[in-house]
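S.K.: Chains as they are written, first to last, in my numbering: chain A, 1 to 308; chain B, 1001 to 1253.
These are calculated hints, taken from the structure and not from any lab test. Don't take every hint at face value.
[Unchecked claim] Below, computed lysine to any residue pairings styled on SDA-like, alpha-carbon distance capped at 25 Å:
| id | chain 1 | residue 1 | chain 2 | residue 2 |
| --- | --- | --- | --- | --- |
| 1 | B | K1016 | A | A211 |
| 2 | B | K1245 | A | P172 |
| 3 | A | K218 | B | R1230 |
| 4 | B | K1149 | A | E303 |
| 5 | B | K1173 | A | E189 |
| 6 | B | K1247 | A | K206 |
| 7 | B | K1149 | B | P1187 |
| 8 | A | K287 | B | K1220 |
| 9 | B | K1149 | A | A27 |
| 10 | A | K272 | A | P172 |
| 11 | B | K1247 | A | A120 |
| 12 | A | K287 | B | L1167 |
| 13 | B | K1245 | A | E303 |
| 14 | A | K272 | B | P1187 |
| 15 | A | K272 | B | E1241 |
| 16 | A | K272 | B | K1032 |
| 17 | B | K1247 | A | G306 |
| 18 | A | K287 | B | K1173 |
| 19 | B | K1245 | A | H10 |
| 20 | B | K1245 | A | A120 |
| 21 | B | K1247 | A | I300 |
| 22 | B | K1247 | A | P172 |
| 23 | A | K307 | B | E1226 |
| 24 | B | K1247 | B | K1220 |
| 25 | A | K279 | B | P1187 |
| 26 | B | K1032 | A | E43 |
| 27 | B | K1247 | A | A168 |
| 28 | A | K206 | A | M219 |
| 29 | B | K1247 | A | H10 |
| 30 | B | K1220 | A | P172 |
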Amino acid sequence: MTVLLLAETHQGRLATDAVARTLSALAPLGEVHVLVAAGDGAEAAREAASLKGVAKVLLAEGESLRHGLAEPAAALVASLASEYRHIAAPATAFARNILPRVAALLNVMVLSDVIAVHGADSFDRPVYAGNAVQTVESTDPVVVLTVRTSVFGAVGRQEPAPVETVAAVADPGLSVWIEDAAVVSERPELASARIVVSGGRGVGSKENFDAIIRLADKMGAAVGASRAAVDLGYAPNDWQVGQTGKVVAPDLYLAVGISGAIQHLAGMKDSKVIVAINKDEDAPIFKVADYALVGDLFSIVPELMGKL
Amino acid sequence: MKILVPVKRVVDYNVKVRVRTDGSGVELANVKMSMNPFDEIAVEEAVRLKERGVASEIVVVSIGVQQAKDTLRTALAMGADRAILVDATSDVNRDIEPLAVARLLSRIVEAERPDLVIAGKQAIDNDMNATGQMLAGLLGWGQATFASKIEIADGRAVVTREVDGGLQTIGVKLPAVVTVDLRLNEPRYVSLPSIMKAKKKPLEDRTAAELDVDVTPRLKIVRTVEPAQRVAGVRVASVDELVDKLKTQAGVL
Ligand SMILES: Cc1cc2nc3c(=O)[nH]c(=O)nc-3n(C[C@H](O)[C@H](O)[C@H](O)COP(=O)(O)OP(=O)(O)OC[C@H]3O[C@@H](n4cnc5c(N)ncnc54)[C@H](O)[C@@H]3O)c2cc1C
Ligand SMILES: Cc1cc2nc3c(=O)[nH]c(=O)nc-3n(C[C@H](O)[C@H](O)[C@H](O)COP(=O)(O)OP(=O)(O)OC[C@H]3O[C@@H](n4cnc5c(N)ncnc54)[C@H](O)[C@@H]3O)c2cc1C
């Protein structure tokens, strides 16, 4: 039984942390081949080959694969599928776009956001914004799944596995890339940071949100936000934590001026330690917080800056 | 231009679902049901495209139980022109998997020949985030998922997508499937007169059997449990106490 893992790359660089965590989730399923599909993927392929548990790397390069467009990538994965029992990827926006299309091309279901692997056909996944966990058994000949990386640790390194080149399939020409407005940042990535500092509507303005960012920088943390903070323009969309944003599970999650709606909790309630700062002592966030500090964030945040 | 919008009836987003103690699923009897919030955004976008003169007709489709007609009526009140209910089960506790939904939708698409399908990016009950991509795959159409902006011009849709690193803009040839994210628009409230007017709009009944799609699930749900609950921790009185606890007790600083 072999697993095909679709790796994500950004401008030729492997999303190493996401791939390494997915590899540890897939460990019970057998040998893993990693597919690197990119414009220029040689460096990413070498990186993937040295991750523990990888038996082989397949490298497909082509112009149509440069920007992660779904149609050429899904056609490529589907063309390789007959050799595999499982097709997997981390549950990132990149793979969520592609793998359901692959599943449809293979006439099988897709399992999104797997949080536990019990066996070749048996998996756990959260439903209803994480308010219930389902154990499901697949009856499909090929199981297509995405993995919630925040619940798995990253695998280590190994002597590099072989890299084999595979041909990209012809570009169906259904869509074209126009531009990426990517926010380049020196901060740790939200999905893998050890500490996350998040701000909500309570922060009050984009200018005030700078204080949240400075606090995060001081703590070496990634910055997160509630949907309200993103909708109001305090923070960019890719900082949103929650049911429809990113799911994080850092060692420390600091929620500032966030009420704790179910949809926000869905994205952070598996954090090891949760700290909440809120002026409303009945805020629902306090029900999940390990340390609750009731008070005005405008005095607490500067004081905290000074004392760290 | 004709637009097809699939809308799903789900547990209202304000309801905190309860897991049945026997592990058989979540309690859906007597729970408030609403249109999936992402689908409201999809309907709203279609209606705005019609108001701008870009679209000429909006057809909404729901797949599931007869009660989904309420959801379709809401979409009609928002401004859709026609509705189709595909009866796929009589059991309100039974959800139809995205693959089967996508296959049924592909049959409807073959008959209706829309230029654009606008779906939600995910349904908030199962959070599968799959149906639109699957439909595009089955039809061999282009897809643009997680849209926060849609522009239609010259036979293509230019779509800004919310992705992990920020925003990506792509152009996709029509016909295509677009799935929508939360920041695309704010759906209108439906007024009483529009609800009354919607009652006269056509609502067609179809069945999965007559569309010749097997809706037997591919995934067997073995059990549904409540996740481990967090318990509330302690109140700290000051920033000093917080910093101290994080250093000495929690060991995270
Ligand atoms: C389909 C759907 C999906 C959603 N997905 C997400 C998601 O992925 N992520 C997400 O976050 N939300 C999501 N939401 C939105 C969610 O329901 C809430 O509306 C949102 O999380 C609220 O954000 P907030 O806590 O910042 O704002 P509010 O609920 O307005 O809370 C602000 C808090 O700040 C506190 N505050 C105000 N001033 C101060 C001060 N000076 N000092 C200290 N505290 C202060 C207040 O007491 C309050 O508790 C979704 C909603 C829907 C319908
Ligand atoms: C109570 C309950 C019982 C279940 N029982 C079973 C079972 O017995 N066996 C089993 O295998 N699975 C079962 N499931 C799981 C279920 O079949 C799928 O996992 C689920 O449908 C996942 O997809 P989604 O609705 O999240 O779709 P997504 O792919 O997240 O939906 C995206 C978009 O597709 C469109 N869409 C989706 N569904 C419809 C629809 N029905 N009509 C119109 N448009 C739609 C909407 O535009 C929606 O926004 C059950 C689920 C529930 C809640």
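S.K.: None of the hints should be skipped; say for each whether it holds.
M.R.: Evaluated hints:
no. : hint                 : in the structure
1   : B/K1016 with A/A211  : violated (33 Å)
2   : B/K1245 with A/P172  : violated (57 Å)
3   : A/K218 with B/R1230  : violated (28 Å)
4   : B/K1149 with A/E303  : violated (40 Å)
5   : B/K1173 with A/E189  : violated (33 Å)
6   : B/K1247 with A/K206  : violated (30 Å)
7   : B/K1149 with B/P1187 : holds (14 Å)
8   : A/K287 with B/K1220  : violated (34 Å)
9   : B/K1149 with A/A27   : violated (39 Å)
10  : A/K272 with A/P172   : violated (45 Å)
11  : B/K1247 with A/A120  : violated (42 Å)
12  : A/K287 with B/L1167  : violated (34 Å)
13  : B/K1245 with A/E303  : holds (16 Å)
14  : A/K272 with B/P1187  : violated (37 Å)
15  : A/K272 with B/E1241  : holds (19 Å)
16  : A/K272 with B/K1032  : violated (33 Å)
17  : B/K1247 with A/G306  : holds (15 Å)
18  : A/K287 with B/K1173  : violated (48 Å)
19  : B/K1245 with A/H10   : violated (39 Å)
20  : B/K1245 with A/A120  : violated (43 Å)
21  : B/K1247 with A/I300  : holds (18 Å)
22  : B/K1247 with A/P172  : violated (56 Å)
23  : A/K307 with B/E1226  : violated (39 Å)
24  : B/K1247 with B/K1220 : violated (46 Å)
25  : A/K279 with B/P1187  : violated (31 Å)
26  : B/K1032 with A/E43   : violated (52 Å)
27  : B/K1247 with A/A168  : violated (52 Å)
28  : A/K206 with A/M219   : holds (20 Å)
29  : B/K1247 with A/H10   : violated (36 Å)
30  : B/K1220 with A/P172  : violated (34 Å)
Violated hints for the displayed structure, listed by number in ascending order: 1, 2, 3, 4, 5, 6, 8, 9, 10, 11, 12, 14, 16, 18, 19, 20, 22, 23, 24, 25, 26, 27, 29 and 30.
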